[in-house]
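**Q** Sequences listed follow chains A and B, in order.
So that you can map any letter, position 49 of the first sequence is 49 in the numbering used here, and since no number is skipped, the others follow by simple counting.
So that you can map any letter, position 21 of the second sequence is 121 in the numbering used here, and since no number is skipped, the others follow by simple counting.
Derived by calculation from the structure, the hints in this document are not laboratory data.
As the structure is a computational prediction, the values presented were derived from the model and not from experiment.
Among the hints, erroneous ones may be present.
Claimed, not checked - Cut-off 30 Å, straight-line C-alpha distance, at most; resulting in silico cross-link-like pairs (DSSO-like, lysine-lysine):
#: 1; chain 1: B; residue 1: Lys141; chain 2: A; residue 2: Lys78
#: 2; chain 1: B; residue 1: Lys111; chain 2: A; residue 2: Lys41
#: 3; chain 1: A; residue 1: Lys78; chain 2: A; residue 2: Lys11
#: 4; chain 1: A; residue 1: Lys78; chain 2: A; residue 2: Lys41
#: 5; chain 1: A; residue 1: Lys20; chain 2: A; residue 2: Lys78
#: 6; chain 1: B; residue 1: Lys111; chain 2: A; residue 2: Lys20
#: 7; chain 1: B; residue 1: Lys178; chain 2: A; residue 2: Lys20
Each chain, letter by letter, is given below.
2 protein chains.
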Amino acid sequence: MSRVIVEVMLKPEILDPQGKAVHGALTRLGFGGVVDVRQGKRFELELDDEVTEERLAQIRNAAETLLSNPVIEDYTVKVEQS
Amino acid sequence: MSRVIVEVMLKPEILDPQGKAVHGALTRLGFGGVVDVRQGKRFELELDDEVTEERLAQIRNAAETLLSNPVIEDYTVKVEQS
Numbered sequence: 001m002s003r004v005i006v007e008v009m010l011k012p013e014i015l016d017p018q019g020k021a022v023h024g025a026l027t028r029l030g031f032g033g034v035v036d037v038r039q040g041k042r043f044e045l046e047l048d049d050e051v052t053e054e055r056l057a058q059i060r061n062a063a064e065t066l067l068s069n070p071v072i073e074d075y076t077v078k079v080e081q082s
Numbered sequence: 101m102s103r104v105i106v107e108v109m110l111k112p113e114i115l116d117p118q119g120k121a122v123h124g125a126l127t128r129l130g131f132g133g134v135v136d137v138r139q140g141k142r143f144e145l146e147l148d149d150e151v152t153e154e155r156l157a158q159i160r161n162a163a164e165t166l167l168s169n170p171v172i173e174d175y176t177v178k179v180e181q182s
């Protein structure tokens, strides 16, 4: 068993209304000193076996085609050490 | 300028229909070997200054009260080294 994390964030040039709303709420509630907030998604994939290079390439493919929209989003794939 | 990451995931005992849907889609699309998927949120907070212990305590407070629902979600706060 191993775990791979896929993080999907909007590209920096894409407007992020969710992040903006969170930023506004933080400021209103008195949490100062925050200049920007971006909100994205985080996927934890539990694999039945070791993480091989081939398996990782397959997950990158899934991240690009299913988990993110590459027109507006960037993704990163990380292997979680247990 | 510094950046703090807040990750919010459903608690392990809480059913995650979004993750289940992603898991089903991965399997249907031929991405085998994945036994479970959990989907959560990821917030990038851009701060105007250095991350101090006091600032970090404030962000943990925000994570608990605004960014997550502590009844069903867990959060982690990480300082991103730049």
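**Q** For every hint, state whether the structure bears it out.
**A** How the hints compare with the structure:
1. B:Lys141 - A:Lys78: With Cα atoms ~16 Å apart, B:Lys141 and A:Lys78 stay inside 30 Å; holds.
2. B:Lys111 - A:Lys41: Distance of about 16 Å is within 30 Å: holds.
3. A:Lys78 - A:Lys11: 18 Å, holds
4. A:Lys78 - A:Lys41: Holds, at roughly 14 Å.
5. A:Lys20 - A:Lys78: Holds, at about 27 Å.
6. B:Lys111 - A:Lys20: Roughly 26 Å between the alpha carbons, so the hint for B:Lys111 and A:Lys20 holds.
7. B:Lys178 - A:Lys20: 20 Å, holds
The structure meets every hint from the earlier list without exception.
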